[in-house]
Amino acid sequence: MARHGPPWSRVDAQQERDVRELVRGVAGLQDEADPNFQLALNFAWSNFRFHRFLDVNSHKIEKTIEGKAASWKRLTEEFLNAPLPSIKEIKNWSEESEEENDQQPLSREDSGIQVDRTPLEEQDQNRKLDPCISWKADEPDDRSWLEHHVVHQYWTARPSQFPHSLHLHSNLAAVWDQHLYSSDPLYVPDDRVLVTETQVIRETLWLLSGVKKLFIFQLIDGKVTVRNNIIVTHLTHSCLRSVLEQIAAYGQVVFRLQEFIDEVMGHSSESMLPGSGSVPKKSTEAPFRTYQAFMWALYKYFISFKEELAEIEKCIINNDTTITLAIVVDKLAPRLSQLKVLHKVFSTGVAEVPPDTRNVVRASHLLNTLYKAILEYDNVGEASEQTVSLLFSLWVETVRPYLQTVDEWIVHGHLWDGAREFIIQRNKNVPVNHRDFWYATYTLYSVSEKTENEEKMSDNASASSGSDQGPSSRQHTMVSFLKPVLKQIIMAGKSMQLLKNLQCAESTTCQAGARDAERKSLYTLFLESVQSRLRHGEDSTPQVLTEQQATKENLMKMQSIAESHLELDDVHDPLLAINFARMYLEQSDFHEKFAGGDVCVDRSSESVTCQTFELTLRSCLYPHIDKQYLDCCGNLMQTLKKDYRLVEYLQAMRNFFLMEGGDTMYDFYTSIFDKIREKETWQNVSFLNVQLQEAVGQRYPEDSSRLSISFENVDTAKKKLPVHILDGLTLSYKVPWPVDIVISLECQKIYNQVFLLLLQIKWAKYSLDVLLFGELVSTAEKPRLKEGLIHEQDTVAQFGPQKEPVRQQIHRMFLLRVKLMHFVNSLHNYIMTRILHSTGLEFQHQVEEAKDLDQLIKIHYRYLSTIHDRCLLREKVSFVKEAIMKVLNLALMFADGWQAGLGTWRMESIEKMESDFKNCHMFLVTILNKAVCRGSFPHLESLALSLMAGMEQS
Amino acid sequence: VAVAANPNAVRETMDRMLNKLCNAGLDMETPICVRLCEQEINPEALSSVIKELRKATEALKAAENMTS
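If you read the sequences in order, they're chains S and V.
Under my numbering, the first residue of the first sequence carries the number 904, and numbering increases by one thereafter.
Under my numbering, the first residue of the second sequence carries the number 425, and numbering increases by one thereafter.
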């Protein structure tokens, strides 16, 4: 009814204005003097004041509902499940004196709903009536009217009359009571509240929808219990109770899951005390996306569940068919078993996790639990198809944030992980240009099943592990479904990040933005593959295409919606809006595709090939990751090789350190050797550098700025031996970033060691090479013949028989020199050709084949260790090296002596030298032969042979 | 009696009701309608008024077009 006449007030003036505005707007009549305007105005006022709209046209309303069934239903359910707004409305329907009684749990549904009208109508009625009509004046009539039309308030504790059903055969309770009364003298019938089966069914449905305030089922201390004094007329009390308790268990599951959902959504639960003072932690922390995704999946499941329940309730209200509790439970049986499965998964995956666990472990544990559950049920076979579908849809939804993180990382190089739930964490302290970037940027978090050691990646190149153990009673592995591709993910991610930095340094224009909008994310690709995999017989390809088009249109629409939402928060970011839109779209698509039982795992065709779910999954997810890995790592390698001249730098290292640039290095070291021979100080760093620059500048001008040499005094004990004079020389080559990831400082050290060895060998060779036969003779001649050039043949002729010992001496020295030269040359050739050259060729070949940066680093390192080994620099074979050094030393001393002149020599010293040399030679040949015969160092064969050839036949 | 408890929920519900049940295709006039509903005007009456007025306006316009 319209208002009864209050006086004309300010409000009414406002109303008048509004109505006029309405008329202007709707009818388009601006001129108030227009007779049409007045007509319209009068029409409007007469309708507003004197209409009668109490009788709602039920047919009309039904039509509307059917047109928009799903969303309306959901709205209804939400509305129905909303807690009571206020006490005031209850007051309207009861006498004021009784307001305390109505603190009894009163669910909204019961108060408004009635038997002969649809509940929606009633809602409308109530809503419409509330603002317009005041009840106070009509209370007593209303109350009786309500009592007639509304359900009897069985929840108010009125001591009831003895329950008696009108139906002839439904009085079991009374009969049983009678029996007890007659058989047990002390039996006292308790006060029971009579409920009808319909009420029981409805309360069951409400319980399963998650309503907390019920009459029959009570929530005490978080546990759902059945009220004790309930009775229906056709069952005994204990029988009813046992039935209801089974239902209560399911209700418990629903509550627990609902609690989880609420918790993750950030609603404050009832258990939190108002004065607890703890700020909900979600507000300051980043959202834990995996849990959120899981919650979302559960939420969607519950929505469909509640829809089903609402359907059943509607049937009950319509009263067209008979519905008993057993029928309802039977109808819901598949759902109830699904609830059981969900509960099991939930309690293992979420509820039993200790509260202080890190997000990383939580996320991986949840995913692992779901995955294992799927595999478990999958193994059962056809009997659990529904369960597998359900679990699979849960898993696919829950894994979405993880895959999105992976996707973002391996495609864009950004690891965005606010809640630190991904198993790979970024070390914030290490910037990209840092020397240790490649190794230290990411930490792989994993807790292995082995007892103490954390599971480290096998090579040091991928990540340094920094993790602690999980609780000792429970060992998890990292996310098991990603394990086979983890290495590729890490490589791709790091390479991508490096690549982004390299590209930024080069300031290339990013067309990536445009490409990105069309690129399908890893998650989308995964879903598509799964779809096409699991829906064998269906024609899925056209679906995908049209979906893409639809997606694009929807994207536009959603983007504008998202933008308008964002603007409410003063955020003007079109890119953000696009991303939101995509997110919503993906979710809605997903919901349509994967709700509950939509995914039919076509086992018949799969069983032919005996493929399990695991294999299916792997073929859907891993290829996409692999592809991205190959793409991006290949891209990185290309960039390094082309733009950063990686191969050229490697060659440069070999040119200078391994003396492949023969002429250049010859110039350099001969200048040093000359100075040493002339016994001048050569340890001057500036002198060394000048020589180096001069030598290098001729043929490799751009490298001359990068090379430098330094000298430091090593321990002098060794210095006594001439061969060790060169120890302490350090050549260094400044390699720019990012090539220094491959050619690191450690690598340079190894290069330097080989360089030193080569230098020593070359020095010995050089010293022997520059000796002139004539010199020796002339110095022998010096005390006797001082004038003129002495020719060798003359020398021999001039020496008479009394010069025999001298001639013999000279001859022996010639022989020794030649032997030494042979030795040194064999060694030199062996090293330069057999070791360095051939290994170098292999290395070059491998570099071309390298697929990613880690591999390249490994190859390089392996190459260096090979050279190091084969140059006999390893500790184990140090005795061999000692022997060689001895011979080299011998050669140097010999050369010294030669130059000093024959006069300084005595026969004994020559003999000693000869015997020393012979011993060393023999020793080496024996050792090498043994090794070669054993087959352990096949590359030494040539050295062994050539040395053997130089041995005397004794 | 004003429903003080949850004015936002009430408004939302009324909005939905207005738009869906009444099917009057309200766009520009929505704020005015909301105000009127708040001022205790029956929404169904309102919607029927709007429908009638629109019908009449269109009839008027059609008539004008024919004569001119």
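Treat the hints as calculated values from the structure; they're not laboratory data.
All values derive from a computational prediction rather than experimental measurement.
Glycine residues also receive a C-beta, built at the ideal position from the N, C-alpha and C atoms.
Treat the hints loosely; a few may be bogus.
[To be verified] Simulated restraints, written as ranges between beta carbons of each label pair:
hint : chain 1 : residue 1 : chain 2 : residue 2 : range
1    : S       : Pro938    : V       : Ala486    : 39 to 47 Å
2    : V       : Ala486    : S       : Asn1222   : 47 to 55 Å
3    : S       : Gln941    : V       : Ala486    : 18 to 26 Å
4    : S       : Glu1255   : V       : Glu464    : 14 to 22 Å
[What the hints assert, rightly or not] Covered stretches of chain S (in silico footprint by chain V; criterion: 3 or more residues with CB under 8 Å from a CB of chain V, positions within the stretch not fixed):
hint : region
5    : 1103-1116
6    : 1534-1540
### Task
Sort out which numbered hints this structure fails and list those numbers smallest first.
Hints 1, 4, 5 and 6 are the ones this structure does not satisfy, whereas the remaining hints hold.
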